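Q: Sequence:
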Amino acid sequence: MGLGNQHQKTNVRSWHFILHTDESLTPEQDDTLAGLDSLNDGRIGLEEVRGVESTFVCYFEANQLTDAVAEALALFDDLPGVRIRSVELSPHSLDHNGMATASVVPAPF
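When you number the sequence shown by numbering that gives the first Met the number 0, it's gap-free, plus one each residue, and the end is 108.
It is worth saying that the hints were derived from the structure and are not from the lab. Treat the hints with care, since some could be wrong.
To be verified - Have a look at the derived ranges for each label pair, beta carbon to beta carbon:
#: 1; residue 1: D77; residue 2: E47; range: 25 to 31 Å
#: 2; residue 1: D40; residue 2: Q63; range: 31 to 37 Å
#: 3; residue 1: D21; residue 2: S89; range: 26 to 32 Å
#: 4; residue 1: L35; residue 2: E87; range: 21 to 27 Å
#: 5; residue 1: E70; residue 2: H91; range: 19 to 25 Å
#: 6; residue 1: N10; residue 2: G80; range: 22 to 28 Å
#: 7; residue 1: S23; residue 2: T100; range: 20 to 26 Å
If you're wondering where the values come from, they're calculated on a predicted model, not measured in any experiment. Beta carbons are placed, not taken as given, at the ideal position from N, Cα and C, and that holds for glycine.
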C-alpha cells in the first residue's frame, strides 16, 4: 500500500445522517426492504410511522459526508418506488460528525 493510500485510509470517518422519503413506504416496499441484504447490513435503519412518514437513520464510513450520502442513496436503486426527499443532519448528527460549533444552529422543529 502506497503512502497515498495510507493517507486516504486515515481520513475515513464515521458519518451519521437521516434520509427522509417523499412518501411512507407501502407494505410491498416494506416486504422488499426486508429481503434486501444491501439495506439490512446495519448501516441503515428504518424508522416509520405507518402511513405518515418513513425515515432511514444512516451510519456510513467515508472520507467525506457527501461520499457517505452518495453511497447510501445508491442503495435505494434496489427498492423500487422509494424516493428520498431530503438529507437531515440532526443535532446528534452534527455532534457525531464533529460539525457542532457555536456558529451551527440546528433547524427548528
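Q: If a hint holds in the structure, say so; if it doesn't, say that too.
A: These are the hints, each one checked on the structure:
no.	hint	result
1	D77 with E47: 25 to 31 Å	18 Å, violated
2	D40 with Q63: 31 to 37 Å	21 Å, violated
3	D21 with S89: 26 to 32 Å	19 Å, violated
4	L35 with E87: 21 to 27 Å	22 Å, holds
5	E70 with H91: 19 to 25 Å	20 Å, holds
6	N10 with G80: 22 to 28 Å	36 Å, violated
7	S23 with T100: 20 to 26 Å	34 Å, violated
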